[in-house]
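Participant: Chain residues, written in single-letter form:
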Amino acid sequence: MSAPVRPAHADAPWASALLAGAALLVAIVMLALPLAAVFAEALRRGLPVAIDAIMEEDALAAIRLTLIIAAITVPMNLMGGVAAAWAVAKCEFPGKRLLVTLIELPFSVSPVIAGLIFVLIFGAKGWLGPWLQAHDIQVIFAVPGLVLATVFVTFPFVARTVIPLMQEQGRDEEEAAATLGASGPQTFWRVTLPNVKWALLSGVLLCNARAMGEFGAVSVVSGHIRGETNTMPLHVEILYNEYQFAGAFAVAALLALLGLVTLAAKTLLEHAAGRGAGGAA
Amino acid sequence: MSIEIRDVARRFGSTAALEGVSLTVARGEFVALLGPSGSGKTTLLRILAGLEGTDSGTVRVDGEDMTGVPARERRIGVVFQQYALFRHMTVFENVAFGLRVRKRRPPEAEIARRVRELLALVQIPELERRYPDQVSGGQRQRVALARALAIEPRLLLLDEPFGALDALVRKDVRRWVRGLHDRLGISTILVTHDQEEAMEMADRVAVMERGRIVQCDTAEVLLRDPATPFVAGFLGEASRLDCQVRGGVAHFDPLPLPPLRVALPDGEAQAFLRPEDIAVLAGTGQGILRAVRNVTDDRARVIVDLEGILLDGTAASGRAPQRNVPCRVALRGGIVFASNGQRARGEPLARIMAG
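Residue numbers (our numbering), protein chains in the order written: chain A, 1 to 281; chain B, 1 to 355.
This is chain A alone, in the form it adopts within the complex:
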């Protein structure tokens, strides 16, 4: 008779149970509960009321604006992110470390400050303000400003997900492609891009989720003109401050839902990528 022996590196059963329980508790209290509360609050007076609140004119305008901004921002950051990742992972040049630091800048700078920078540059009293006014171009308190602020805040997502993978893969396959007669563009489309496609999609989805949810930077450059420069997060705040809780929570729930759908898509993708790892990934 001998008791089952626990490997030396394994934690005691009670320890791992305690840790898992604590993590689960934090996840429920801090993440799941607030999300559930948003949906519960939105549906408290029934689905029709919530739908009415969303179908209201200003709310629809906010939804449309948010989608437009995401639709412009995500492709821009997709291209910019891939270009930056390519440069960092596959090329050697002076100032490379500076570029890596710059890519991370939006993560470390408060979004509000990012917004202020754009006001400082493009605002009526900003550096380019007089010139812009003379040419009748509106950046701040208009869609271009909102797009600029969102692009800035969400820039790192694509680059940051793709760079580590590209670095790990190295330049070997690109060199092999070159010796086989492939041109630069052929190598990029046939070798480099397919090799990072899953990470790229995942980065794009994260970028999209953040672009739709961005508040701080957008708030500074928006001007809060209802029906014109209010995005969904801004609209939620305005409704909330005006004690229109039904409307605020309905729009908030929709925004949360968009985020959840994005997250689900990302998880599904990763699952598909994992399953395909033996083959296509």
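Treat the hints with caution; some may be incorrect.
As the list claims (entries may be wrong) - Residues from chain A that keep clear of chain B, each with C-beta distances beyond 12 Å, as calculated: (1) 18; (2) 31; (3) 80; (4) 104; (5) 119; (6) 121; (7) 136; (8) 193; (9) 196; (10) 223; (11) 233; (12) 266.
To be verified - Covered stretches of chain B, as calculated for chain A (at least 3 residues, CB under 8 Å): (13) 39-51; (14) 80-88; (15) 146-153; (16) 179-187.
Hints were generated in silico from the structure; no laboratory data involved. By construction, the Cβ of each residue, glycine as well, lies at the ideal position given by its N, Cα and C atoms.
We have chain A already, so just place chain B on it with the hints.
Facilitator: Just chain B now, with coordinates in the frame of chain A:
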């Protein structure tokens, strides 16, 4: 196709990777670049492939100057060290790649025919639908070879292609690759740090040391007439001993070894003694037999301890001295380098008594 490398130099920052390398490879010849890591052999291969530039010197393929010609226009096939197969493509697509990216892309049926032909040539026709991570190391190497051959290369470069294979497979694969070379007749350059591999596969071996080719000859010549102490020590087995030349005779004192007659000036020198040069004989002497490495019909390879220095020698089979018993050590010859680089064969002063 003939390759002519002339005075090629390449620096990386302050370190010189290649310092004036010249080498000619004849049409259909198989040449190995052999050297320790850091000797510049991979840099030379990358320059040939067009993946690395030169600071000076020229590379000519069939008389055509390759300076400034990008890798994709060189038609030089490369089998990379880790194979660098396209991980997201099937074996079929890997081999087809070079055909698909051509300016005048052949029709699909023609591509399929060529790919199947190549997969049959490297004996893996059944793997065409697999992905690189679904096949073994040896099979991956065959895919890499088929992929490189698909562009009908003028020159084939193999960069340590057997390093990732286990020792048992390696010997077979070497012979198979050499056989394939003989069949196709494509000029081939093999980069390796394994002297056995280089000597077994190549027609000529170019030995590299610190960015230079110190000697390029057949394996036989390299072993018999090494140009420098480095080559003598790097190729084949040899015990390296310091000696002093006085009046045309190399003395090994204080080691109790008989002197060798050499045509060298007086002074410090280095002797390289192959196991065949060191005869271990029964009888009274200052050597002690420590181990017997292997025995053939007429000879036994033994390790003899001479005042704390272990030497690789030979003894007559069946008449080898007892282990851990004193024995006599004689010299049949050796290669001696004077400190000025001059080289001579050493001859024993007295004939060794058989026994």
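Participant: According to the definition I'm using, a residue is off the interface if its beta carbon is farther than 12 Å from all beta carbons of the partner; does residue 80 of chain A meet that for chain B?
Facilitator: About 24 Å separates residue 80 of chain A from the closest Cβ of chain B, which puts it past 12 Å; holds.
Participant: Hey, is residue 31 of chain A genuinely clear of chain B, shortest beta carbon separation above 12 Å?
Facilitator: With a cut-off of 12 Å, residue 31 of chain A remains clear of chain B, as the shortest Cβ separation is near 35 Å.
Participant: Classify the label on residue 233 of chain A as holds or violated, using whether its beta-carbon is more than 12 Å from each beta-carbon of chain B.
Facilitator: holds (38 Å)
Participant: If we take the beta carbon of residue 196 of chain A, is the closest beta carbon in chain B still more than 12 Å away?
Facilitator: Non-interface label fails for residue 196 of chain A: nearest chain B Cβ at 10 Å, not farther than 12 Å.
Participant: Is it correct that the beta-carbon of residue 104 of chain A has no partner in chain B closer than or equal to 12 Å?
Facilitator: Holds, because the least Cβ-Cβ distance between residue 104 of chain A and chain B comes to about 28 Å, which exceeds 12 Å.
Participant: For residue 266 of chain A, is the shortest beta carbon distance to chain B beyond 12 Å?
Facilitator: Residue 266 of chain A is indeed farther than 12 Å from all Cβ atoms of chain B, at 20 Å.
Participant: Can we confirm that no CB of chain B comes within 12 Å of the CB of residue 121 of chain A?
Facilitator: holds (40 Å)
Participant: Quick one: see if chain A covers the region 39-51 of chain B, three-plus residues with Cβ-Cβ under 8 Å.
Facilitator: Per the Cβ count (3), the hint holds.
Participant: Since residue 18 of chain A was said not to touch the interface, does its Cβ keep a gap of more than 12 Å from each Cβ of chain B?
Facilitator: holds (39 Å)
Participant: Find the nearest Cβ of chain B to the Cβ of residue 193 of chain A and say whether that gap is larger than 12 Å.
Facilitator: violated (10 Å)
Participant: With d taken as the least Cβ-Cβ distance between residue 136 of chain A and chain B, does d exceed 12 Å?
Facilitator: holds (48 Å)
Participant: Confirm or reject the coverage of the region 80-88 of chain B by chain A under the rule of 3 or more residues with a beta carbon closer than 8 Å to the chain's beta carbons.
Facilitator: Result for this restraint: holds, n = 7.
In summary, the numbered hints that this structure violates are 8, 9, 16.
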